[in-house]
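Residues per chain are reported as follows:
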Amino acid sequence: MSFKVPTELEKEIDERVTHYPVSKRSAVLPVLHALQHHFGFIEEEAIEWTAAKLDLEPIKVLEVVTFYPGFRQSAPGKYHIRVCRTLSCAMAGSYELMEEICEKADIDRSGVTHHDPIAVSKDGKFSIEFAECLASCGTGPVCLVGDDFHEEVKNVEGLLKQYK
Amino acid sequence: MSAISYRSGKEPHPKEHRVVFKNVDREGWDTSIATYESEGGYEQLKKAFGMEPSAITDEVKKAGLRGRGGAGFPAGVKWGFLPPNNEKPVYLICNADESEPGTFKDRYIIHQDPHQLIEGMAISCFATGAHLAYIYIREEFPEGAEILEKAIAEAHEKGYLGKDIQGSGFDLEIYVHRGAGAYICGEETGLIESLEGKRPYPRIKPPYFPAAMGLYLCPTIVNNVETLCHVKHILEVGGEKWSETGTPNNTGTRILCVSGDVQKPGYFEVEVGKVTMGELINDMCGGLKEGRELKAVIPGGSSAKVLRADEVFSVGKGDDARELTIWDIPMDFDTLAACGSMAGSGGVIVIDDSRSISWVLNNINNFYAHESCGQCTPCREGSLWMKKITDRVVAGKASPSDIDTLDGVARNIDGRTICAFGEAASWPTESFVEKFRDELVADTDPELEDDFLNAEAITAAANLG
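Order-wise, the sequence lines are chains A and B. Going left to right, the first sequence walks through residues 741 to 904 as my numbering numbers them. Going left to right, the second sequence walks through residues 50 to 514 as my numbering numbers them.
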């Protein structure tokens with residue numbers, strides 16, 4: 741399948757680029773965010789498309805994609821979950837939360853590594869990774885499901901049920 | 050609006066002094082510009098246009114406002130570093146990358162009172178001569194970014210942003226720029242690189258002090274969310290009056306965030322230095338959990354050096370010399386520094402006697418190993434070595450001398466890196482080893498002492514990859 745950016749999305753991206761009147765290169769992150777939001781992850785063609793859009797060498801985009809944990813280079817599940825791993829959430833049970841979500845959503849994390857931190861459920865519905873501090877240390881354990889933020893997550897079944 | 054009331058269960062503690070957080074959890078409050086204007090919103094911006102820009106900077110200097118992001122550097126002094134007779138454009142960046150573990154204050158300002166931030170920024174832009182400003186917000190606040198963009202659009206519509214604001218002749222555009230999950234973007238020069246569309250490798254100072262050579266190598270002011278909000282309130286009452294809250298050299302209010310082993314974790318805006326650690330933990334957070342005793346406190350975000358519960362701190366000089374227990378420490382910049390730690394970003398993490406110190410330190414080391422940008426060798430390699438050693442300690446696969454190695458690694462990072470991440474990553478280990486050596490050593494196995502050549506095999510055996 742060839743990579744095609746819908747007209748509406750490209751319009752939105754072109755508008756974003758105008759926020760950086762001094763240097764188009766500054767728009768690398770917002771362009772990648774828009775593409776990832778639409779396609780779910782950043783594939784090679786998305787890197788080339790971004791580079792062409794911003795008059796950059798593709799390596800200048802690739803180096804950004806590979807640095808920031810917020811960009812994914814492989815397809816996540818339909819709903820991507822990020823569980824906070826850092827101290828206050830860990831003290832409030834985020835490791836246990838991770839285990840329980842994996843168990844209930846049938847996700848096997850045994851193959852995750854630093855460079856490939858995402859595990860996808862067998863049915864492709866959920867994917868999961870640990871995130872570093874989500875800045876809500878007083879209401880741990882917390883997680884993001886897509887763009888939805890969940891605090892004091894105790895009821896995993898109820899959480900997963902919200903996502904059809 | 051009538052008298053202020055707060056949502057049930059979210060009422061401020063009587064020891065709080067709400068200024069920046071006045072509208073957080075407030076009954077009937079929303080993020081619309083109509084609500085904000087109904088309470089005098091954008092009046093201070095209008096007032097600012099009647100003043101000389103330098104007079105605003107003077108008020109901020111008089112107030113003694115110290116940066117609320119972590120370093121505690123006086124904001125007015127930072128603004129004063131802008132080169133005189135500058136002919137380049139000036140930029141202002143709001144650092145909304147809030148990512149120091151233990152810190153969760155800017156989240157509530159952004160989500161519940163976005164116009165306060167925009168007004169504070171607009172005043173600060175007028176004072177510093179910036180016509181283009183960015184809010185660098187962490188990617189993990191997607192809703193916050195949307196709220197801010199909506200608020201900016203509203204402010205535009207009402208003529209508080211854009212061309213010739215309120216007939217003043219002053220132009221200003223503010224844009225929201227989302228990060229992508231990297232802690233190092235909270236470091237101001239790393240943030241600037243990121244905003245230029247690059248990897249956020251921090252720049253070396255000198256020469257790259259942002260006020261002289263920042264975004265696009267032009268003079269740039271980078272301030273934290275809470276700091277910029279305070280500018281509005283300083284203008285409202287005047288710098289001198291504002292500085293009457295708090296304590297000398299630690300003026301104003303600040304938001305403390307408490308998490309970990311307390312009954313009621315939360316956020317509290319207090320006059321700086323007017324509340325002690327004991328009052329914060331016991332009165333405001335409802336004390337420790339049932340039957341537990343305090344073991345340690347990390348007072349200013351996870352980078353801050355840990356304080357042990359039974360330490361006695363000697364602070365002050367001459368007539369002011371005194372000894373403090375951990376409970377007596379006033380939560381201000383200078384006393385926490387005198388106690389050998391820092392007030393940092395205001396994130397207080399409380400640790401009770403149910404916690405393994407090795408586990409706590411290992412969690413922190415995991416964070417810094419993950420977040421090191423990799424630019425400087427001591428930090429890139431050292432942060433990972435520290436993590437690997439504490440991984441082994443937690444797994445019972447470390448030898449007692451590993452604790453010395455751990456300390457040695459930390460002390461070889463500190464002071465040998467381009468940015469302060471080196472200190473942030475090594476201070477936890479340095480202070481934990483200094484104050485909890487016995488406990489760390491107790492988790493090691495003396496029989497492994499001669500196995501040091503086989504560290505990789507031990508790591509593999511413990512499945513710690």
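Among the hints, erroneous ones may be present.
To be verified - Derived lysine-lysine pairs resembling BS3-like cross-links, with alpha carbons at most 30 Å apart:
#1 A/Lys764 <-> A/Lys793
#2 B/Lys254 <-> B/Lys290
#3 B/Lys313 <-> B/Lys247
#4 A/Lys764 <-> B/Lys137
#5 B/Lys71 <-> A/Lys764
#6 B/Lys212 <-> A/Lys793
#7 B/Lys212 <-> A/Lys764
#8 B/Lys95 <-> A/Lys751
#9 A/Lys751 <-> B/Lys199
#10 B/Lys71 <-> B/Lys338
#11 B/Lys111 <-> B/Lys338
To be clear, the hints were calculated from the coordinates, so they are not data collected in a lab.
Hints the structure fails to honour: Of the numbered hints, 2, 3, 5, 8, 11 do not hold.
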